[in-house]
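Sequences and hints are given; from them, build the entire structure.
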Amino acid sequence: MIKDIDACIFDLDGTLVDSMWMWPDIDAEYLERFGFEYDDNLKNEIDGISFHETAVYFQKKFGIKDSVEKICQDWEDMALDKYKYEVKEKPGCTCFLKHLKSRGIKMGIATSNNKNMVDAVLNSLNMKDYFEVITTSDEVKKGKPAPDVYLRTAELLGVRPEKCLVFEDVVAGVIAGKAAGMKVCAIEDDFSKEVRERKKELANYYINDYRELL
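Using this note's numbering, you'd call the opening residue of the sequence shown number 158 and step up by one each time.
In silico PhoX-like links for lysine-lysine, alpha-carbon gap of 20 Å or less:
no. : residue 1 : residue 2
1   : K340      : K320
2   : K241      : K272
3   : K160      : K255
4   : K350      : K200
5   : K227      : K272
6   : K285      : K241
7   : K245      : K272
8   : K258      : K160
9   : K258      : K285
10  : K200      : K299
11  : K299      : K335
12  : K160      : K320
13  : K350      : K245
It is worth saying that the hints were derived from the structure and are not from the lab.
See the structure below:
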């Protein structure tokens with residue numbers, strides 16, 4: 158899979174770390190403050206878009222009067238403790254990162270999350286030093302499924318898109334990687350199990366566990 162690949166670019170949530178489980182809880186708790194019930198369809202509506210874009214979406218959909226900045230800060234406050242103390246790496250992840258490093262393959266992260274939370278979880282799991290570049294969707298014009306965040310990460314790594322392999326857990330991310338002209342390996346995640354076959358159909362490869370690649 159990594160033959161002729163110069164860089165691997167990873168999504169964060171659901172791909173490097175097992176964290177997707179916490180977001181419906183946070184969304185439900187947040188919406189309850191404003192008298193709304195969480196709807197399972199919501200996760201499909203916001204899959205892949207940036208943290209800021211999601212806040213704009215919530216503001217419009219639910220008529221929330223708080224500023225986008227206040228919404229983002231509230232979510233960050235709710236999520237940081239979970240990232241620091243509860244979120245674990247996906248099975249075999251660190252072993253695979255060590256393997257890539259030993260092969261001299263560059264590594265970057267392209268995530269829809271925000272920088273503070275990315276730093277919190279990577280520092281907690283001692284992963285940060287593996288990555289030369291961390292790009293968030295807030296740094297580009299459009300979030301996933303647009304290819305912008307993957308193209309920007311490849312540019313910062315100094316690697317041509319066709320020499321990059323993307324790892325993703327959701328359909329929007331797989332589409333973004335393919336739109337960037339990169340090969341994509343979809344990874345199993347319980348949060349997106351209902352679209353498992355769609356992920357397999359869209360991606361070049363599919364794995365259940367990083368240990369399959371060692």
